[in-house]
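Chain E is already provided as a structure; the job is to place chain W on it using the hints.
This is what each chain is made of:
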Amino acid sequence: MKIILLFLIPCLTLAQAQGTNRYYYKMTINDSVAKNYSETFMLNISSSATEFKNIEYLTPMVSDVTVNKNEGGFVISGNSNTLPKNFIRGRIYRDMHSNLFKTVETLVIDYLIADSIQNAQWKILADTANIEGLSCQKARGFVYGRNYTVFFAKDIPLPYGPWKLGGLPGLIVSAQDDEMEFGFRIVSPDKEIVKKNNANIELPAGVKFRQINKYDYLRYSRMFQENSELYAKMVTGGEVQFKSRDDQSLNIPTQQISKRVIVPLFCRIEHLK
Amino acid sequence: MNNSDILIKSKNGEIFKKLIRFYYYQRLVIIRFILFLILLHFSNVVISQIVFSGKITNSTGQAIASASVTLKDSSGKILAFNISNQLGYYNIQWKSPQIKEVYFLEAASVGYAKKYIYVDLVSGVFNLILTESFTRLPDVKVATTIPIRKEGDTLNYDVKTFSASEDRVIGDVIKRLPGIEVAENGQISFAGKPINRFYIDGDNILDGRYNVATQSIPNDIISKVQILQEHQPLKILKGFEKSDQAALNIVTNQKIRGRVVTTGDASIGLPEVYALSANLMLFKRKIKYINYLKFNNIGIDNADDFLNHFATSESSPISLLNAGIASPDIPKRRYIFNNTGTVTLNDMITLKNDFQFRLNLFYNWDQLSQNSINSTINYLPTDTIRYLESQRSLTKKNSVTTQLTLTANKQNYFLNEELNFESTPNDIHSAVLQNSGSKVGQHLSGHITSVSNKIAILKKTKSGLILEGSSNINYTNNPSTLFVEPGVYQDFISSSQPYVALEQHAFLPSLFTDNYISTGLASTNFQQRYKVGFSYQSQELNSDLVTIEASQMKHVLTDSFLNNVNWNRLKTYFKSDFTFTGNRIVFAVSFPVSFQRTNYSQKNIIKEMPNLLFEPKINLKYIVGKDANINFSYGYENIFGGINQAYTGFIMRNYKSFYSNDSILNNSKKHSSSLIYSYKNILHILFLQFGCTVSQSENNTIKENFLNSLFQREKVTFLLNYTNSVDLYTTISKYYTKIQSTFTGRVSWQSSKSNQFQNGILLPVLNNSRQYSLSINSKVIPKTSIDYTATFLNAISKIQSSQGNNIAIPRTTRWQHRLSASFTISEKTYIKANAEYASYLVTSENSNKSSYFFSDASWVYKINKWHSDLELGVTNFTNTSNYRTVYLVQNTLTENVFLLRPRMIIGKITFRF
Chain E
144 MKIILLFLIP CLTLAQAQGT NRYYYKMTIN DSVAKNYSET FMLNISSSAT EFKNIEYLTP
204 MVSDVTVNKN EGGFVISGNS NTLPKNFIRG RIYRDMHSNL FKTVETLVID YLIADSIQNA
264 QWKILADTAN IEGLSCQKAR GFVYGRNYTV FFAKDIPLPY GPWKLGGLPG LIVSAQDDEM
324 EFGFRIVSPD KEIVKKNNAN IELPAGVKFR QINKYDYLRY SRMFQENSEL YAKMVTGGEV
384 QFKSRDDQSL NIPTQQISKR VIVPLFCRIE HLK
Chain W
271 MNNSDILIKS KNGEIFKKLI RFYYYQRLVI IRFILFLILL HFSNVVISQI VFSGKITNST
331 GQAIASASVT LKDSSGKILA FNISNQLGYY NIQWKSPQIK EVYFLEAASV GYAKKYIYVD
391 LVSGVFNLIL TESFTRLPDV KVATTIPIRK EGDTLNYDVK TFSASEDRVI GDVIKRLPGI
451 EVAENGQISF AGKPINRFYI DGDNILDGRY NVATQSIPND IISKVQILQE HQPLKILKGF
511 EKSDQAALNI VTNQKIRGRV VTTGDASIGL PEVYALSANL MLFKRKIKYI NYLKFNNIGI
571 DNADDFLNHF ATSESSPISL LNAGIASPDI PKRRYIFNNT GTVTLNDMIT LKNDFQFRLN
631 LFYNWDQLSQ NSINSTINYL PTDTIRYLES QRSLTKKNSV TTQLTLTANK QNYFLNEELN
691 FESTPNDIHS AVLQNSGSKV GQHLSGHITS VSNKIAILKK TKSGLILEGS SNINYTNNPS
751 TLFVEPGVYQ DFISSSQPYV ALEQHAFLPS LFTDNYISTG LASTNFQQRY KVGFSYQSQE
811 LNSDLVTIEA SQMKHVLTDS FLNNVNWNRL KTYFKSDFTF TGNRIVFAVS FPVSFQRTNY
871 SQKNIIKEMP NLLFEPKINL KYIVGKDANI NFSYGYENIF GGINQAYTGF IMRNYKSFYS
931 NDSILNNSKK HSSSLIYSYK NILHILFLQF GCTVSQSENN TIKENFLNSL FQREKVTFLL
991 NYTNSVDLYT TISKYYTKIQ STFTGRVSWQ SSKSNQFQNG ILLPVLNNSR QYSLSINSKV
1051 IPKTSIDYTA TFLNAISKIQ SSQGNNIAIP RTTRWQHRLS ASFTISEKTY IKANAEYASY
1111 LVTSENSNKS SYFFSDASWV YKINKWHSDL ELGVTNFTNT SNYRTVYLVQ NTLTENVFLL
1171 RPRMIIGKIT FRF
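Protein chains in written order, with my numbering: chain E, 144 to 416; chain W, 271 to 1183.
Just chain E, same shape as in the assembly (with noise of 0.2 Å):
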């Protein structure tokens, strides 16, 4: 155990020196289907690269849903009563040598989806506001297919924000699009969280994840919301029985699931066309 320590404190130094930052920030979704509905995301900052991923991706992804390689097919099961805690799996990275967003989606087996990184025309506005003891200025621009209202640190020299908005020269730390479906606000977050999280960057890599683009991930998705045996099946090979862990069946409409799947994405659908 001390061994291990010993590695461990080099390694955190070495994050800090190399400048890897992170914030955190309350993305809050009002849509058709869900009305304030909430969840927490970190955002990693390296000097090559930046990562946007929910704060309880480490957790239920291991201790909720499994999947199992059984007889050929697979099952896919998790806990009913823990599983709707977070829907939104969805990684975002910025590789920013290969100039890439790089998402990773977990559709029954991992996809790693490609996409150019896009920066809005910003427009810099006079309003100025403190958010969370930030002194911030407003911005307005357009990118994938919405129009997004932000305000940027201006002490934060960090031209990146949450999800894959950036590009301004200060951290964005609030966003709202102009449908008021997603918005984003930086918050102070537990230290619970904080000891729980690293905050080095891995670039998914390797052959674990299928490569796809962004418009066959969304039929994909489509499918699996059609019939999400049949979509399983194809995408695995193999006979899938979908079914929660304590013998009862997964009582959360795949409609739902599938909705919550695509959210990482959630430029406007006319845009992906």
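Read the hints as simulated data drawn from the structure, not as lab findings. Note that this is a predicted model, so its numbers are computed, not measured. Keep in mind that the hints are not guaranteed to be accurate.
Said to hold, decoys possible - Below, a sample of chain E positions facing chain W; criterion: calculated Cβ distance under 7 Å:
hint, residue
1, THR271
2, GLY284
3, LEU301
4, PRO302
5, PRO312
Stated by the list, open to error - Think about it this way: if two alpha-carbon atoms lie no more than 25 Å apart in a straight line, the pair counts; the simulated DSS-like pairs of lysine-lysine are:
hint, chain 1, residue 1, chain 2, residue 2
6, W, LYS420, E, LYS266
7, E, LYS169, W, LYS525
8, E, LYS281, W, LYS896
The beta carbon of each residue, even a glycine, is placed where N, CA and C say it ideally should be.
Below, chain W without anything else, positioned relative to chain E:
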């Protein structure tokens, strides 16, 4: 068409005509082309695109990617920006440059120190090298403890950081904010200049009577205090007329908005003292009010709440008579024996279309008694004249002030209509014991009435032209009567009949109106404004002195004690103002030309005085850097005396002074210039200012004083004389976050040279004074807050007599220390203590020093459940019974001894719903 065409087509003599036509045509083309080039050139200046580009590297030359590069103006506003790419290159394009102020490029990246360079508005390549720095980025939430933040031109002070447990009202906190000064009368200044607006959540409810807010709004319902620098209160004039004054805005807590806040307190104590107050407040977006009533006899002068800090001198009536009551330089609560009741209503409603209607009503009933001993010593080359008197006075006042206002303050329209009414009957009885042993009784009764109306309309046309109309009319009257008993100065008045009393009557109805129209045009770097208008003043001064005989027979004294002056002054003016705004310079000039005609008549003498006046003003502001600027200003004024210099008959101002004129008006030509350097660094919370003012006045008349040990007479005579003065000061204010303390220091030196004409001798008098002050507000010791102020003043006067030898005038030195502290004992209790020490030293042959010590303490128990406090306090622990002040003004040394309030024990309960 070209030359060869012409030659071929026109052979028969037509060729010449065509050549000429062609010549003109070509010329026209060339002229048009040149014009086009000129236009192109101008458009280049006005709207061409400017590109800044370059590479961002670290000190070893490695490219820094994702660095943010911003183009900002001096207020920190982002105009354009770019993020450096993988190779460290950036490219900023800006389409609408405004040649306005200082611009700078700022490069920032995590792990590096911010770097900025000043740029002119010309495209160019700027490579920036950032140096490594491990400064931590601001954490979320941690930043809330930063006490001051700058957002554009606004400074935000966090109220909690600067509050102490003994603070009750927001005024207690404002006093402690670094960079802000609060005078004894409540006037708030920022960067050495008084504020021009006091807002509550952005609304102007009280105008200049903002003491009402600072003395009544609890500090814990205010979340922040904002200073809006260089604030132009009229939205329509933003970017059109520069303002060098700041405004203050207090922002209420979200929680209390829309809820009526009720506060109040009740005190009772020994010897026979009480105080009561009740206050209703509401701060909603559309309705705001502060309404309260206060009663007390513990020494709080409620009239101070109604002081109008924006009042101009024109509207205040001239007092011809007075009862000669002085005030010491210690807080009023120590020396006034009062009984006061006050009601005030301050209500504002926001109507449709952003029109705001406001009512401000103040009613104050006051009874003050004061006891003092006054001694005045005039040092003359041949003589030293002394007066000694002891005075007991009782003042009764009853005043009503009402103001109705309708305002609309919009981007392209402004309206302000203001109706004022004031009525103050007052009555002063005083009993004086002179050094000769004789007793004099004075009774001054008067009634000040004032009615005024102000209207101003501004409109912006589509082409950007601003049109303004303004009218202002004001009527005041203050009939007053001074009754003096027994019949003094019989030799001087030389009445045929002996008398037992004198009665001076005076009244001065006065009408003043000022009307103008103005127009102006503004571009980003040049503003022009023209104003044409007239002002008219019509006054009538009537006074007579009546002797009352033992038989109660009254005689009106004629000739030299009678006045009836009819006065009017018409001034037509044309004023043009220009402001040039350059890269780092703001240059403003004002050229007012006016023609003034003054007519006055008395005792069949009619006088007419036409004057053509030119009073230019210039102001130059140079921006030294991001946080500093230098301001130079020069002004010339030509000031003419008013009706109070026109009367020839004597007026008895008080029992010992008679005043008259030779009906000549003083004309003083004054040149004044000032140089001010000011530095504001918000990050390090440091405010620094250095100023120097020099002025010279040329006066064509002088006041001649005739002094004797019984009374004095004054008269104005022609004599060309000069007054010069130099004033130097430095103020510094610094807040240390680590020790939670503000240090404010001020050093000033003043020197003036003027002339006195006393008993027929002309005396040049040189005055020098030095003043040092230091104040510390600290919360460094846990659970304790300390406020300490020390002031030191030293004044010297010298008289140059005709023989060249100086007359010894004692120098006066004053020391003042004030210390107040509060100690939190538990969550529910705290103790506050207050100590003041003052000493005066007069250095002469027999130098005498007098020193005073005051201390107060109280114990407070909080009942949090009811938002209520119980307080038990003792004021003037040491029971100091009197206080002496010594002032030296020119060659006159004035000493006053005041009777003070005795020790008081007071129990108090405060509540809030």
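These are the hints, each one checked on the structure:
{"no.": "1", "hint": "THR271", "in the structure": "holds (4 Å)"}
{"no.": "2", "hint": "GLY284", "in the structure": "violated (12 Å)"}
{"no.": "3", "hint": "LEU301", "in the structure": "holds (6 Å)"}
{"no.": "4", "hint": "PRO302", "in the structure": "holds (4 Å)"}
{"no.": "5", "hint": "PRO312", "in the structure": "holds (4 Å)"}
{"no.": "6", "hint": "LYS420(W) <-> LYS266(E)", "in the structure": "holds (22 Å)"}
{"no.": "7", "hint": "LYS169(E) <-> LYS525(W)", "in the structure": "holds (23 Å)"}
{"no.": "8", "hint": "LYS281(E) <-> LYS896(W)", "in the structure": "holds (22 Å)"}
The structure fails hint 2 only (numbered hints given earlier).
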